[in-house]
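Student: As given, the protein sequences belong to chains A and B, one line each in that order. Once you know that position 83 of the first sequence is 83 in this note's numbering, the rest is easy, because the numbers rise by one and skip nothing. Numbers in this note's numbering are just positions in the second sequence, counted from 1, shifted up by 350.
Everything labelled a hint here was simulated from the structure, so no lab data went into it. Mixed in with the good hints, there may be bad ones.
Covered stretches of chain A (chain B as the covering partner; in silico rule of three or more C-beta atoms under 8 Å from a C-beta of chain B) [stated by the list, open to error]:
1. 82-91
2. 97-110
Over the 12 Å line for every Cβ pair with chain A, so calculated as not near, a few chain B residues [as the list claims (entries may be wrong)]:
3. E388
4. R530
5. G556
Selected chain A positions facing chain B (in silico; Cβ < 8 Å) [claimed, not checked]:
6. A46
7. L48
8. P74
9. L79
10. R148
11. G152
12. N153
Think of the CB as a built atom: it goes at the ideal place given N, C-alpha and C, for glycine as much as any other residue.
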Amino acid sequence: MSLAATVQVRRGTLEVDVDLEVADREVLAVLGPNGAGKSSLLRVVAGLLQPDGGRVEVGDQVWDDVAAGVHLPPHRRALGMVFQDALLFPHLSVAENVAFGLRTRGAPRAEARRAAGDWLARVGLEGLGDHRSAELSGGQAQRAALARALIGNPRLLLLDEPLSALDARTRLTVRAELRRHLAEFPGSTVLVTHDPVDALALADRVVVVEDGHVVQAGTPTEIGRAPRTDYVARLVGLSLLPGTGSGRSVRLDAGGEVAVAEEASGPVFAAVRPESVALYLSRPDGSPRNVWPARLVGATPHGATVRCELAGEVPLVADVTAAAFAELGLVPGSEVWATVKASEVAVYAR
Amino acid sequence: MRRGRSGVPVPLLIPASLGVAFLVLPLVGLLVRTPWSELGPQLAAPGVGEALRLSLICATSATLISLVLGVPLAWVLARSAGRGRSVLRALVTVPLVLPPVVGGVALFLVLGRRGLIGHWLFETTGITIPFTTAAVVLAETFVAMPFLVISVEGALRAADARFEDVAATLGADRWTTFRRVTLPLVSPGVAAGAVLCWARALGEFGATITFAGNFPGTTQTMPLAVYLALQRDPEAAIVLSLVLLVVSLATLLLLRDRWLGRAAA
Numbered sequence: 001m002s003l004a005a006t007v008q009v010r011r012g013t014l015e016v017d018v019d020l021e022v023a024d025r026e027v028l029a030v031l032g033p034n035g036a037g038k039s040s041l042l043r044v045v046a047g048l049l050q051p052d053g054g055r056v057e058v059g060d061q062v063w064d065d066v067a068a069g070v071h072l073p074p075h076r077r078a079l080g081m082v083f084q085d086a087l088l089f090p091h092l093s094v095a096e097n098v099a100f101g102l103r104t105r106g107a108p109r110a111e112a113r114r115a116a117g118d119w120l121a122r123v124g125l126e127g128l129g130d131h132r133s134a135e136l137s138g139g140q141a142q143r144a145a146l147a148r149a150l151i152g153n154p155r156l157l158l159l160d161e162p163l164s165a166l167d168a169r170t171r172l173t174v175r176a177e178l179r180r181h182l183a184e185f186p187g188s189t190v191l192v193t194h195d196p197v198d199a200l201a202l203a204d205r206v207v208v209v210e211d212g213h214v215v216q217a218g219t220p221t222e223i224g225r226a227p228r229t230d231y232v233a234r235l236v237g238l239s240l241l242p243g244t245g246s247g248r249s250v251r252l253d254a255g256g257e258v259a260v261a262e263e264a265s266g267p268v269f270a271a272v273r274p275e276s277v278a279l280y281l282s283r284p285d286g287s288p289r290n291v292w293p294a295r296l297v298g299a300t301p302h303g304a305t306v307r308c309e310l311a312g313e314v315p316l317v318a319d320v321t322a323a324a325f326a327e328l329g330l331v332p333g334s335e336v337w338a339t340v341k342a343s344e345v346a347v348y349a350r
Numbered sequence: 351m352r353r354g355r356s357g358v359p360v361p362l363l364i365p366a367s368l369g370v371a372f373l374v375l376p377l378v379g380l381l382v383r384t385p386w387s388e389l390g391p392q393l394a395a396p397g398v399g400e401a402l403r404l405s406l407i408c409a410t411s412a413t414l415i416s417l418v419l420g421v422p423l424a425w426v427l428a429r430s431a432g433r434g435r436s437v438l439r440a441l442v443t444v445p446l447v448l449p450p451v452v453g454g455v456a457l458f459l460v461l462g463r464r465g466l467i468g469h470w471l472f473e474t475t476g477i478t479i480p481f482t483t484a485a486v487v488l489a490e491t492f493v494a495m496p497f498l499v500i501s502v503e504g505a506l507r508a509a510d511a512r513f514e515d516v517a518a519t520l521g522a523d524r525w526t527t528f529r530r531v532t533l534p535l536v537s538p539g540v541a542a543g544a545v546l547c548w549a550r551a552l553g554e555f556g557a558t559i560t561f562a563g564n565f566p567g568t569t570q571t572m573p574l575a576v577y578l579a580l581q582r583d584p585e586a587a588i589v590l591s592l593v594l595l596v597v598s599l600a601t602l603l604l605l606r607d608r609w610l611g612r613a614a615a
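Use the sequences and the hints to build the structure in full.
Tutor: What follows is the structure, encoded as structure tokens:
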């Protein structure tokens, strides 16, 4: 059932040329900035956009083969797709939305309705089936959209920025649920996102796409450890801190504690972006609840900022402006205080 | 509604007020001159009910035909691309700017007994269209359908096309998508277009009298009856006009609450 795709497609001035391979039960994240061609890529795989060249194959079925003149229309492809804005049909009830794919494929009304009820329960929306889709909150709508995409047992699941339209708090819960559903899904999944946290939390492998081309591929850890372009470095330069949440605090596995803005419980990752870390020569008096002593072990200039690697009880990466770096007189080995606001720490289940 | 800087500039206010007066005064005049005491007998006069019934039936039939042909046409216009579409749209909107009398003549030339299609129709089936109730319906459809097409096309363009993508990924072919997603989404636009179309058909005069003639009971619709009455009995004409005004306004108000309000929102 695995996906193998070679896609060449031109969108305006952008030439997309990307190869993808996703095994069964594997989640591949396509990570990249807006306008990198990620969505075009996904639309080609879905059949919504005809490629200019290449081949899309799922299992032993050829969906696209430009050289052989093969193009399977989207409605004949066994796939489910979730879009950024849920896009529940506004004229249908929630249950009718979820049952839509079964009805178009010829299932009797009663059977489709029963299956929709089951799926609504699986995504935690039991009892909401008779509501209008406009009555759902953003998170509920996205759960219903996921149920709608998965109900037909597709071979391939395509997720196009499925969490970006949600507010920060909802995103956390829906992300954790999505992770659980993806673990149960027997087919292949392609997740398109510009948010490195989504990619790290949900994907087994990550492909970074810039200007229509793959600039890096690997596991989330590999990519985070050794970014190969500035964009990837900024994007995945997160410090990932595994720990155990309890209340508004995460006790790190490696020792130390991180204050966070959201309630967290159980095994979690606390993720800190380099630009959220501020450095001081003496312990600051202000409000930040996360203050750690650290030692500068490495510094690499990235344009106008300097990326500082910090060693200590809590290992961090910090981006400071070149001016600030000079002003603080930092050199490798300098002892500093690193601070991070609790609200700047992302927490997600692992 | 209150605004910080007071209201409308005078150079705009004066012509705007004149415009309102110009649009409203004739209707006021109609109400003022209505012989209210004569209303009952005038309405009961022979031919009035007949003309009203014919008008309603023909306008409704024309609207139904326009829906069946016009909604698919609007879809083609909204979803196709390229130069063919602009040519097609220009052709479709010609009846909007064409004087209705010319439309009537054109229909006559095509569907008349010696016309391009009418000739063949008469030879094979013995049917003639001009000067029948069917001719009224066709004349009204010809003049009114573009209103529906333009309105529905606008609604289709404004609708979020991504819903059609979603339907496709859920196994719906284009016809299923049209029936189960696109059409329900643009139904307010379709309703608005149908009302415009119906109102235009109800008031149709030029094409009707040219192509269908003026025979009481079969082709004499309300506008024709009004025009004829004005020449021999002005009071009857006023009453007939009032009836037409009331029917149009009632329909508009009734449907606006149900659909048009949503379409505007």
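Student: Each of the hints needs a verdict: does it hold here or not?
Tutor: Verification of the supplied hints:
Against chain B, the segment 82-91 of chain A contributes 6 residues with a C-beta closer than 8 Å to a partner C-beta. That satisfies the three-residue criterion, and the hint holds. Coverage of the segment 97-110 of chain A by chain B holds [criterion: at least 3 residues with CB-CB distance below 8 Å; count 4]. The Cβ of B/E388 sits about 50 Å from the closest Cβ of chain A, beyond the 12 Å cut-off, so the non-interface label holds. Non-interface status of B/R530 relative to chain A is broken: a Cβ of that chain comes within 12 Å, the nearest being about 8 Å off.
With a minimum CB-CB distance of about 39 Å to chain A, B/G556 clears the 12 Å threshold, and the non-interface call stands. Using the Cβ-Cβ criterion of 8 Å, the hint placing A/A46 at the interface with chain B is satisfied: the shortest such distance is roughly 6 Å. With its C-beta approaching chain B no nearer than about 5 Å, A/L48 sits inside the 8 Å limit, and its interface hint holds. A distance limit of 8 Å between C-beta atoms decides the matter here; for A/P74 the minimum to chain B is near 4 Å, and the interface restraint holds.
The closest approach between the C-beta of A/L79 and any C-beta of chain B is roughly 6 Å, which is under the 8 Å cut-off, so the hint is satisfied. Because the beta carbon of A/R148 sits about 7 Å from the nearest beta carbon in chain B, less than 8 Å, this interface hint is met. With 8 Å as the threshold, the beta carbon of A/G152 comes within range of chain B, its nearest partner Cβ sitting at about 7 Å, so the hint holds. The criterion of a C-beta within 8 Å of any C-beta in chain B is not met by A/N153, whose closest approach is roughly 12 Å, and the hint is violated.
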